[in-house]
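Participant: Chains as they are written, first to last, in full-length UniProt numbering: chain A, 1 to 670; chain B, 1 to 670; chain C, 1 to 670.
The reader is advised that the hints may include incorrect statements.
It does not matter which identical chain is used: a pair holds within one copy or between any two.
Claimed, not checked - Cross-link-like lysine-lysine pairs, in silico, DSSO-like; alpha carbons within 27 Å at most:
1. Lys92 with Lys172
2. Lys249 with Lys163
3. Lys92 with Lys163
4. Lys65 with Lys622
5. Lys132 with Lys259
6. Lys92 with Lys106
7. Lys382 with Lys172
8. Lys622 with Lys163
9. Lys170 with Lys299
10. Lys181 with Lys92
11. Lys62 with Lys181
12. Lys65 with Lys181
13. Lys163 with Lys106
14. Lys506 with Lys132
These are calculated hints, taken from the structure and not from any lab test. Source: prediction; values computed, not measured.
Single-letter residue listing:
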Amino acid sequence: MFQDSRINKVLYGGDYNPEQWPEEIWEEDMRLFKLAGIDEVTLNVFSWAALQPSEDTYNFEKLDKIMDLVEANGLKVFLATSTAAHPAWMAKRHPDILRTEFSGMKRKFGSRHNSCQNSPTYQKYSVLLAKKLAERYGERECVIGWHICNEYGGECYCENCEKQFRVWLKEKYGTIEEVNKAWDTSFWGHTFYDWDEIVLPNMLSEHFEPDRTTFQGISLDYRRFNSEGMLKCYQAEAAAIRSVVPDAKITTNLMGFYKPLDYQMWAKSMDFISWDNYPANEDPYSRIAMNHDLMRGIKGGQPFVLMEQTPSVTNWLAYNALKRPGVMRLWSYQAMAHGADAVLFFQMRCSIGACEKYHGAVIDHVGTENTRVFREISQLGKELQQLGDKTLGARSRAKAAILVDWDNWWAIEYSAGPSRDLKYLDEVFLYYRALEEQNYAVDIIGVEDDLEQYEVVTAPLLYMTKGNTDEKIRQFVKKGGTFITSYFSGIVDEHDLVITGGYPGKLRDILGIWVEESDALPRDKRNHFMYGGVSCEASLLCDLMHLEGARELASYEEDFYAGTPVITENSFGAGKAYYVGTRSSQEFYRMFMRERMEEKGISPVLEAPEGVEATERFKDGKGVMFVLNHNDEETVFVLNEARKDLLTGEQYEGGTVVTLEAKGVMLLEN
Amino acid sequence: MFQDSRINKVLYGGDYNPEQWPEEIWEEDMRLFKLAGIDEVTLNVFSWAALQPSEDTYNFEKLDKIMDLVEANGLKVFLATSTAAHPAWMAKRHPDILRTEFSGMKRKFGSRHNSCQNSPTYQKYSVLLAKKLAERYGERECVIGWHICNEYGGECYCENCEKQFRVWLKEKYGTIEEVNKAWDTSFWGHTFYDWDEIVLPNMLSEHFEPDRTTFQGISLDYRRFNSEGMLKCYQAEAAAIRSVVPDAKITTNLMGFYKPLDYQMWAKSMDFISWDNYPANEDPYSRIAMNHDLMRGIKGGQPFVLMEQTPSVTNWLAYNALKRPGVMRLWSYQAMAHGADAVLFFQMRCSIGACEKYHGAVIDHVGTENTRVFREISQLGKELQQLGDKTLGARSRAKAAILVDWDNWWAIEYSAGPSRDLKYLDEVFLYYRALEEQNYAVDIIGVEDDLEQYEVVTAPLLYMTKGNTDEKIRQFVKKGGTFITSYFSGIVDEHDLVITGGYPGKLRDILGIWVEESDALPRDKRNHFMYGGVSCEASLLCDLMHLEGARELASYEEDFYAGTPVITENSFGAGKAYYVGTRSSQEFYRMFMRERMEEKGISPVLEAPEGVEATERFKDGKGVMFVLNHNDEETVFVLNEARKDLLTGEQYEGGTVVTLEAKGVMLLEN
Amino acid sequence: MFQDSRINKVLYGGDYNPEQWPEEIWEEDMRLFKLAGIDEVTLNVFSWAALQPSEDTYNFEKLDKIMDLVEANGLKVFLATSTAAHPAWMAKRHPDILRTEFSGMKRKFGSRHNSCQNSPTYQKYSVLLAKKLAERYGERECVIGWHICNEYGGECYCENCEKQFRVWLKEKYGTIEEVNKAWDTSFWGHTFYDWDEIVLPNMLSEHFEPDRTTFQGISLDYRRFNSEGMLKCYQAEAAAIRSVVPDAKITTNLMGFYKPLDYQMWAKSMDFISWDNYPANEDPYSRIAMNHDLMRGIKGGQPFVLMEQTPSVTNWLAYNALKRPGVMRLWSYQAMAHGADAVLFFQMRCSIGACEKYHGAVIDHVGTENTRVFREISQLGKELQQLGDKTLGARSRAKAAILVDWDNWWAIEYSAGPSRDLKYLDEVFLYYRALEEQNYAVDIIGVEDDLEQYEVVTAPLLYMTKGNTDEKIRQFVKKGGTFITSYFSGIVDEHDLVITGGYPGKLRDILGIWVEESDALPRDKRNHFMYGGVSCEASLLCDLMHLEGARELASYEEDFYAGTPVITENSFGAGKAYYVGTRSSQEFYRMFMRERMEEKGISPVLEAPEGVEATERFKDGKGVMFVLNHNDEETVFVLNEARKDLLTGEQYEGGTVVTLEAKGVMLLEN
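Okay, chain A solo, but in the shape it has when bound (with noise of 0.2 Å):
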């Protein structure tokens, strides 16, 4: 988050549409507003149709209307470019603007982020937009921040997408030739002579299914430019603001663990993080955790923005149920205790056409503050202005990290074998709720990062080693760091081209083992291991692996493998290195994982009960401690030091058995 001498608390609004509306209507929502303590709006993302009402013309006047609104009410603003829906009469005019599908269907216009990334008339428009309203807006005082476009995503694959692979592929390796080796063309004489050859991979060419493909090698570039491609749109609106306003503070809403965007190649590009968290009411915390760990994690473990999240009810699930009482502050806590420096909402008031009328807002369509959902906002409201800048900007602290790449993601996807069941996050949840559900502080790190800082390092499905991964592993577990990975693990490089001479390939050496084959087990069966005298499953995949030096802790029971190896643990230069040869059950992760910590000797954050998430940010050399009770009872935990209740007051001794109501929150200074 940037520090903004105009910001002294955490933000508190979101999304406005007032556009939607008749003027009348605005003065009552600012009404609304103040009695909710609303400090922010994000105004201006779906307005592209209203600002340019053709090829020649703009008309701002109803945009400055609502600036003076809301400035003269004193809330702050992201300004969005609007760049995330193009006009109806730009797509008639310039269908170029149109995506092609994966099917090969060229769209019409319709919906919304259907622009083509590489159409000459999006990239010529939305950037002028996105000037017009920096020469226009870029003075206003009210404006905190600059919000390009909206949730990027998605993908074409119209005739111009197609000749920018092939640019694009002509940067990145030069040669035709080079291209050939990198895709492994010998294989079903896929040989490509010249670059008008290729052709984008999809339903029409090498795909059989979204994420079944004949070469992996073609869909994992393409999912490259096609990251990348978006990421040019959003750098070539920022370029634009910049130019005009050289210190404007510019993001786009990112969208936690959303696949088809590289966001650690993003983050690059970005002055801050936001981003919009929709849980579903039956996900676990730690997965709603998991990606505000990976948001803060992008930047460096930069505070972010949560730019959007429904105050009720979603209406995109088959189910929308309604937040529970309690849990939208809660979860808004949850938020802050990851790392946000800002709680805003999609949205402030309800529209009353269209495919998100259902959503939930500050201000439901019956218009008044008379509902729980309304009252439940003006606490949290109240709350975050007593609380100040008490967290703002703070950071954590966390000792252990989870690795995550997004070629390594993509790839794994697209592996034909040895299981359809292979699926990546599932796998980095597995390690990262074993850590987060019993509250050790963890960070989400990218492969170049750097790990000297931290004291295990766990990177599971690490399927790919591209660049000097390994040798960055290598110098961590040499130089005394704890590493843990998973099976198949160090099978390819960054073109995934297996690496021969025996798996997990380059991290062969530092794990000490070597892994002959890898037996994908059905659905419905199992083999099983004692850990920590315990039985503990195996399923997914059985590694088959022989000790190079590692130590077994556990070996199969089951089938003809039984008697070898499934958990291993090397010794290595100073440090150690773990090998977890299948995929076993959560109670596995989360004995197997406090082990590690253990040995080194890193404590949680708070020893609390089931259910009760504590994080710790640090600012100024003090730390507030976040301690969330997810469970719907109340519960009691013990202080370990002497503590104040920042929302309460209340001072709290060390050793205190403190009780937590049902979803009840504390921000406990020291």
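Got chain A sorted already, so can you dock chains B and C onto it with the hints?
Facilitator: Same frame as chain A, now just chains B and C:
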């Protein structure tokens, strides 16, 4: 049904395609028809290619022969216009006649119901053919009615339809500004500045699944446009026939609750209603009855023609089980019990090729009268001869009505949120079934129908209150009527725009409640409430409401809204308005609706055991009660007054305990 | 299999792609092949792009080197023509080579098996390449056979195919009137007046699902056209090779029961049969055997080549489990037991890129001989060397045959009604399995094959009786044969037109029954009958039949047809004809078929415990009995005569109780 001096008994016959057979076999058909008591054939349903072999040529020779044949054998004829499948040559020569699919793919020649309703070619030649048929056969004594096209249905997304959609919109809305308002296009920047910017809503524009759209307003208008477009085709053919035969009785065969076409609108253009009844063996009998009652209801209670049913099996189900012995007869009488004055089959003789060759027929592939099915048909044929005109033109008398509306149906099932399991007919059927299976006479009516003739009107899921619907209901209740509706009612206007100010919108005063929130329950979750001393389940949606004058009849027992109302009763004027804030099980609706009927002093037609259906039709001051035993075992019931069995001639005293065999039928005249 | 003086043992090798590797590695391959007892390689399967880098250029340099290498190392070669994947440049330059999908979408370059069989470009260049290969390598001593294309399959719906379809129809039917008759186009007014009006049956015309069509006759003819079109491609390449190498032995690798291609027709054009065997671990061994027996049967019982099998895992299943220890050897011998004279693998060395990189290979990514899989391969290699020519050219002797027919298969699974669960192979397998798992020798034959050499012929689901099939059966039974068929038989002629006059049509006199109706049972419903003192279930379809001379062997126990016949026996001439009017469970078929065999005095090859398979192949007056223990435990059986174990050299007396280890194999010569 029309009065016609030529008809003095329930018509008995069906679709007959002698053009598929050598002429040698025709005389054998006549012999078998006579044996079976057949007195009607529906001719010429799929003969366009034969009648018009090329652009400028017509050939009626074979049809002349067929007409001579059936006339000579004293058969009456519904003459079809053959326009449900265009000739192959026409598709080749005039591709504008081919439909474009929802996916955006242009179709080629094949299948049936394949013509674009906006195709100039189709419009020209279908009307021309209808006219030629009228000219040639209009004077024939045997022709008692006209059957246009066949089972109109489907939809088209071709360029021409797109242009016509714009024309239709211009007629409806006048200005593009009105369109923008109706569709709430300020949302997601969808503002249209020119009619030509509008595209059809399909998978290439606003939809992401057939029933999932980003702009409900657009999709809803497309449904209207599509239904009206096909209706125009019907009207144009009808006008052509009438221009030659002014007193022609014209129909097309409908399909019960067929979602794509607004039959309530269609009925206005039809001289009489005919429909095709194809239940599955496992359908509840009341589900079949609901279709019949709709078909009677859309034409103000007039008797209808059962245009098609299978004598034995269908061929297009996954598992085409035989109709059990007696069931064809039972279901034929059930049709009559609900208003049918004709009982017709598809088909008279089984075809030997293509996709319907395993569909049951009066004359099976074996070609003789020595089959179980033929024997059952003959028995029924004799009974209908004996019955004569006793039921012809007889009318039902219901004090209860269920209100259904196509716009409402469409809008509900396009809704993004709160639950994907909101299915209009499921809800309608819960209420209908509660009445029907307790043998209460019930009409199914539309929003344009008069409510005053009823005492209890139920409008389940009255999501959309268009036009003066709310005012009609208000007056109805004020004057003493009982009105019942459910959750997710009163939410939107005719454009699917939310009526702000609190749910259930315009019904709020009538119902005396305010619904603040609605909680969508996943499929496996239930809440509960006590009603009539019984624990009833609440599922799907749970409304959280406040009483504003209404009285709580039941409250939730679980979750954070335990203790808040779920069923309410509001005294309004001289009447009462009930709100059922959730979906419950059939047992609840049975209790609840019986209470409503008893409150109004309405009695069932007959108190009878489970599975025994009873309706009554009235004519010339007399009533014929149909008693239908859908059970697999014989059953008994008590007659409340003296009645004569029209099939056996037996006279029963009032109070007689009557035994009815399994699948048995009685027509009891008073 | 061909006799070839160069071959004196079971060939052992497989697909080898050295072009994917640097030359340094080739010598290592040779060393490992020798270690493993490999004596064959299949070369050049996917090298078109390498061999023909542009329209006018051919480059055989690398292939020359490879040929030199393998020749120098004494390896025999199946030389492939590389035409299963066209070059990218060809797709770009000649888009006519690209297929159009069933959906109507035109494909782009990608994947394999991607050429339109009617493409002039494909036809020209595939034949030219085959010829050039023949010219260059035809004289090579090492080339023992030619492998055209690879796993022919799929289909195309492009405009050119549409034109060719019309040509094909014209050749077949002569006049458009005959087409109309064959397709019964008077149904739904489909009459064609000109060839050009005919379009291909796909999702844009007659189909609404891949296997659901409105005109079975059209779809059936398309299937024939498609199979024959690909066969023509095969024939054209074969002719090109033969024009250069007149005595070339030519094959293509088939895929067992592969529905799209009529292999019985194909076999006539193949010098020898080769096929690819890729069972799943959980397949019953008799299901694998059924494929082998088909592959032997389509070429009149001649031995075949097992062209591909995986040494360990596949990569394209959802869950690619390892072949358990011993299973590769067991299944290799099973292939030989059913007629294989060669045991080949896909593949010799694992590729490092693209979609088959995790498919098992003789040489795995680790690149050494020190793997479980390599050790198992070497053991089998040694055994085959030791076995020599003992089984080469040996033939089976079966008295029982199962009759299968592709037209029949296609027609059944296009049928609209009576049940979607009618699956031809399911039914065939029930009967086949009953014989095979009791170790009765059985041939799988076609309708053109001679029945006279058999005593028991079973034709499950003989829905279509084309040509003189009924007369062949009639004569067969008259002369004393036992004939067995099932429900849904005798229904249609070769155009899928129903044979009127009563089911089962032309089989009615032979079977002595009339089937009046067929009741389709939903998946969860069962009827029952007593057979052999056991209660057997009836499912799927229940025929309701009348005896016309036949004797009832069992009758239904439930439903309204309880007491009517379900299994019948008819004495006809000197033989007997059996009808099984429903689908039952495997136990029933086991009993029923054993009785039929015993009636004819036919004995199994060996009486052995469950899971022990036995077949015998005969040569030079001697028999080699294969005994295969598919169980996971050792088992015992009793030898009925003196036999010598060809693998161990051990001599057993008649009556010996022999122990066979789990997954064990014996080849016992008498």
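Participant: Report the numbers of all earlier hints that the structure fails to satisfy, in ascending order.
Facilitator: 2, 4, 5, 7, 8, 9 and 14
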